[in-house]
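These are the residues of each chain, in order.
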Amino acid sequence: MMTNLASAISGRLVVLAVASVIVFALLNLLPGDPATVMLGLDASPDSIAALHHQLGLDASPATRYLRWISGLMHGEAGTSYTYDVPVRGLILERFQSTLPLILLATGLALLIGLPTGAIAATHRGKGLDLAVMATLQFLKSIPDFWLAMMMTLLFSLTLHWFPAGGFTGWNAGFFTGLRALFLPTVALAIPQAAITARFMRSSLIDVLNQDFIRTARAQGYSRTAVLWKVAIPNALIPVLTLIGIQLPVLVTGAIIVESVFNIPGCGKLLLEAVNQRDIPVVQNLVMLIVAGVLLLNLALSIIVRWLDPRLAGESA
Amino acid sequence: MTWLRTNRSLIAGSALLLACLVPATLTWIWRGGRSPLIDIAHRYAPISFSHPLGTDPFGRDIASYVLTGAFNSTVIAVIAVTLATVIGTALGLVAAYGGLRGKAVMSTADLGLAFPPILIAAMLVTAQGASATGEILAIALFGIPAQIRITRQAAHSILVLDYIAAARMAGLNSIDTILRHVLPNIAPILIVHASTSLALAILSEAGLSYLGLGAPPPQPDLGRTLASYQIHIFDHPLLVAIPGVTVMVLVLGFNLLGDGLRDLLERPFNRLKGQPS
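Going line by line, the protein sequences match chains A and B.
Under our numbering, think of the first position of the first sequence as 1, with each following residue one higher.
Under our numbering, think of the first position of the second sequence as 1, with each following residue one higher.
In isolation and in its complexed conformation, chain A is listed as follows:
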């Protein structure tokens, strides 16, 4: 168990290191010069050289890479080209809306998806199951950003229940913030809930077909007791793995939904930086998201092994 755990962790660290090389190479080694972009095509070679020196671009790629990584180790992420402020502060500020959005959406997706999947599984093959499955197939196919637009049309413009966009931060009050994030959360959560429900259904059906369920029933435990005490806890373990797999999709969705609702989060920051070719911001933000996804995946796989010791022997 311990050696497997150690190898899983070191494996992820290697992956993280390779990811950082890829991120650096994509943004720094492809043709295109940020100094030319910032100063315009008519800039004199002297001023370009001066800016190169100021931005540290005159060093060799290897030096620049090592400088970036050692900076990251010390919690420093360089300076934004466009805002001329430390990238670290920019990203931390924007995370105040992105992180709650992702967490709330995950929570809501589980809250809707797990019971729906469980109900479909216990009514397998009956009318209710078929109706639920058809609805889920439909919901799974809705683009989240379009759902977001349609929800603004209904709930903001027609019913005036929720603001149509924007997020003023948590200082305006917890419930004001929560209200601003409500529609984006629902838009992000619904397709995820559909995926979770379908997964929960097949996971629970798998478990219900196992021999130990029949044994438990034969020992006299009631159908409900077996379902709640044995089947559902066992069926939930693979769902944890699914959360890890869906995480990159959720991050993508959050970036798009932030854009629809004009929420000043990490997604907006990333898109602004892409448009302005603000390489330090793009580079550090992408790296942060990749690291976050990898670490959460690692954490989830450790939890899954702890819950289901049979998997401990398998490599991560």
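By construction, these hints were calculated from the structure, which means they are not laboratory data.
Note that the structure is predicted; figures quoted are calculated from it, not measured.
Each hint should be verified, as a subset may be incorrect.
To be verified - Reference excerpt, derived from the structure (chain A facing chain B, CB under 7 angstroms, subset only):
1. Leu26
2. Phe145
3. Leu153
4. Leu227
5. Pro248
6. Val251
7. Ile255
8. Ser259
9. Arg277
10. Val286
11. Val290
What the hints assert, rightly or not - Once the Cα atoms are required to be at most 25 angstroms apart in a straight line, the calculated DMTMM-like pairs of lysine to aspartate or glutamate come out as:
12. Lys268/A - Asp84/A
13. Lys229/A - Asp308/A
14. Lys140/A - Glu266/B
15. Lys103/B - Asp129/A
16. Lys140/A - Asp263/B
17. Lys140/A - Asp129/A
18. Lys126/A - Glu266/B
19. Lys126/A - Asp263/B
What the hints assert, rightly or not - Label-pair restraints from in silico Cβ distances:
20. Ala62/A - His42/B: 56 to 62 angstroms
21. Val78/B - Ser47/A: 42 to 48 angstroms
22. Tyr97/B - Thr135/A: 38 to 44 angstroms
23. Ile47/B - Leu39/A: 24 to 30 angstroms
A virtual CB, placed ideally from N, CA and C, is assigned to each residue, including glycine.
Dock chain B against the given chain A, drawing on the hints supplied.
Quick look at chain B alone, frame taken from chain A:
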């Protein structure tokens, strides 16, 4: 032919896809792939015989604009999924044989899990500007890890069967084993996965181009159409509804087709492995 009557997913999926892609392809051929022209004099034209869905704020015919967009988005999704399928299957087969090479492939696949298409696209656009190639690459790269895993698992379940061992003892080398025994047997799984991947690719494509990280103008596509119509959601909600529903029809179509194909094709595969179908 009983399967045809019972396999509702396959029928519904094919019907949705045909209903969208046949007119889209015909429009594309008829207009020679060109986007409808901007015609300010005929902005917001009502529904008529010459404009089945009216015209948009730029006087373009909405029906042909959205259908051309649907064609372009589907082409990008198909190219991306084809790339991911070919590369992912090849790597997955290498991984199925195990060994050091197999381990290396699986570590690379882990790497891909952490890079959603949006991050790859964001980096490519920062470095090179928006392009259709970049968008295809971003979607394909994200699809490869899943393809590797699925191929590896399916191929592995065939490779452990007795008749493969017999074929090997009879002197069949690994390339011939793959071509003659593994690929034909895992083909159903790959086809089903390709269909559901297309659904995901259409969604990714729409998302990327909505954000301006996809193929640049002037070629219309569904995501960019949605982005440009979004400000008209108050006064002309249909403008936003139509491209969105088109994306949904395509995604639902490929998802249902995948489910239908799974029922149709994977049963024989499971029987081969000795599992109840």
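Tell me, which hint numbers fail for this structure? The structure conflicts with hints 4, 15 and 23, although it agrees with all the remaining ones.
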